[in-house]
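Asks: Sequence:
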Amino acid sequence: MFVQELSPSLLLVAAMCGGGSPEPASEVTSPAGWTCDEIQLMTRVELRTLQHCSSDDQCDAVLDDTGVCPTDDLVIRARYDFGDGFIYDMLDEADAIDCDMSFITPGECPEFAVKACIEGTCGWL
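Going by the working numbering, the sequence shown opens with residue 70, and the numbers climb by one from there.
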């Protein structure tokens, strides 16, 4: 009986907080069925994993065309245990629906830069 009395209040709170209704069905989805927001979120999570490092030799891959020049592109570690294809799949899905996948990079293009683990994150040194 307590649940029945509480249910209308919970529905009201959920509706006021935005949790009551699903996203519009008209939102564009990628060929795999992902929305742009979902692709952006999954890509951010995947990048955090791929950029985490504990030594320079782990930072062995570059995500092309994510910066303003090759030495500004995001540096990641190749995930031999799981494969690194997921991030590329997400970028392809984003391209298919013109989803903005702008990445925040320093915007610097040093002529001579090396991939390194900098305070636990892969980058350019």
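It should be emphasised that the hints constitute simulated quantities derived from the structure, not laboratory data.
Note that CB positions come from ideal geometry on N, CA and C, so glycine has one too.
There could be a bad hint or two in this list.
Unchecked claim - Pairwise CB distance ranges (calculated):
{"#": "1", "residue 1": "138", "residue 2": "165", "range": "18 to 28 Å"}
{"#": "2", "residue 1": "104", "residue 2": "182", "range": "29 to 39 Å"}
{"#": "3", "residue 1": "123", "residue 2": "182", "range": "19 to 29 Å"}
{"#": "4", "residue 1": "125", "residue 2": "101", "range": "11 to 21 Å"}
{"#": "5", "residue 1": "121", "residue 2": "161", "range": "31 to 41 Å"}
{"#": "6", "residue 1": "129", "residue 2": "175", "range": "11 to 21 Å"}
{"#": "7", "residue 1": "102", "residue 2": "181", "range": "42 to 52 Å"}
{"#": "8", "residue 1": "117", "residue 2": "164", "range": "17 to 27 Å"}
Asks: Each hint needs a verdict: does it hold in this structure or not?
Replies: Hint by hint, here is what the structure shows:
no. : hint                    : result
1   : 138 <-> 165: 18 to 28 Å : holds (26 Å)
2   : 104 <-> 182: 29 to 39 Å : holds (35 Å)
3   : 123 <-> 182: 19 to 29 Å : holds (20 Å)
4   : 125 <-> 101: 11 to 21 Å : violated (35 Å)
5   : 121 <-> 161: 31 to 41 Å : violated (23 Å)
6   : 129 <-> 175: 11 to 21 Å : holds (20 Å)
7   : 102 <-> 181: 42 to 52 Å : holds (44 Å)
8   : 117 <-> 164: 17 to 27 Å : holds (21 Å)
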